[in-house]
Amino acid sequence: MPLSADTSANLLRSLKIVQSLGEAVPHGGVLKAIAGIGITILETAERLRLNKEECANIARRAAEHISVLRRLDEDEELSQDLRERLERYHRILRDVLRTVERLGSRSKSTSMFRATSVHEETKDCLDKLNEAYQMYIFESSIAANHRLTTLVNGMQSLSLRMDLQSSSRQGETDQIPLRQVEFGEEIAQVDKRDYVLRVEHGQMLDFTGRSKAVILRRFEVKPEVEDEDRILDEFKKEVELRGDLL
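Position 159, counted from 1, in the sequence shown is what UniProt numbering calls 159; the numbers after and before it change by one each time, with no gaps.
Calculated from the structure, these hints are not laboratory results.
Careful: at least some of the hints might be erroneous.
Said to hold, decoys possible - With a straight-line Cα cutoff of 25 Å, these simulated SDA-like cross-link-like pairs (lysine to any residue) come out:
id, residue 1, residue 2
1, Lys237, Val221
2, Lys192, Gln134
3, Lys32, Leu50
4, Lys123, Arg94
5, Lys128, Ser105
6, Lys52, Ser140
7, Lys123, Val68
8, Lys128, Lys192
9, Lys128, Arg85
10, Lys52, Ile92
11, Lys52, Ile137
12, Lys192, Ser140
13, Lys237, Ile187
14, Lys222, Leu205
Generate the whole structure from the sequences, applying the supplied hints.
Written out as structure tokens, the structure is:
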């Protein structure tokens, strides 16, 4: 069925909100263009006499998808990657408009072949709209995840710098908090009288918050050793001997 007057008015109102948002947002010209082509598709579908139901379905789907863009923050500038995604979406909408105009000039009553052709072209157009919308949402999710990862890495980097500043003292060996280190497979071990020195593969967070592979040396006191002062001296000797001991 063709769009009812109420449905058409509601869709048009939503598209104009997106259009106004495009005027308010810095570098929002592509938003305004998307809303504008959505309005053109809607008005074209209402004006056409042939295949009105098919054209109305396409116009409604396009307008509903475009209306989601109302959720963008009018106080925030569109990022470069978002503008690129919107421009790709705009190009697809231009193809959709051409399809609607073509369907509106083709009669399907002449033959069964033409009726089937109209149905298939309508379905292809709706599928194209759905794929474009889903790709936009998918790419937006990836971009949001990338920004979140960058933010988390930045916070971890700041935390690591603060940890090192608080743990480092002039003339002393730098200390790395244990929570930044993950021990892995053992490579070798040196068995001393009072302690065991294990050499292991491992992972350590760097200043950017990213994990990197390292070789770790772990100093373990044997359970039966009770002289803490003596074993502490042994540990300090190992630290002096191997400045990278963890």
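Taking the hints in turn, this is what the structure says about them:
no. : hint              : verdict
1   : Lys237 <-> Val221 : holds (14 Å)
2   : Lys192 <-> Gln134 : violated (62 Å)
3   : Lys32 <-> Leu50   : violated (29 Å)
4   : Lys123 <-> Arg94  : holds (17 Å)
5   : Lys128 <-> Ser105 : holds (21 Å)
6   : Lys52 <-> Ser140  : violated (33 Å)
7   : Lys123 <-> Val68  : holds (22 Å)
8   : Lys128 <-> Lys192 : violated (70 Å)
9   : Lys128 <-> Arg85  : holds (15 Å)
10  : Lys52 <-> Ile92   : holds (21 Å)
11  : Lys52 <-> Ile137  : violated (29 Å)
12  : Lys192 <-> Ser140 : violated (57 Å)
13  : Lys237 <-> Ile187 : holds (22 Å)
14  : Lys222 <-> Leu205 : violated (29 Å)
Checked against the numbered hints above, the structure violates hints 2, 3, 6, 8, 11, 12, 14; every other hint is satisfied.
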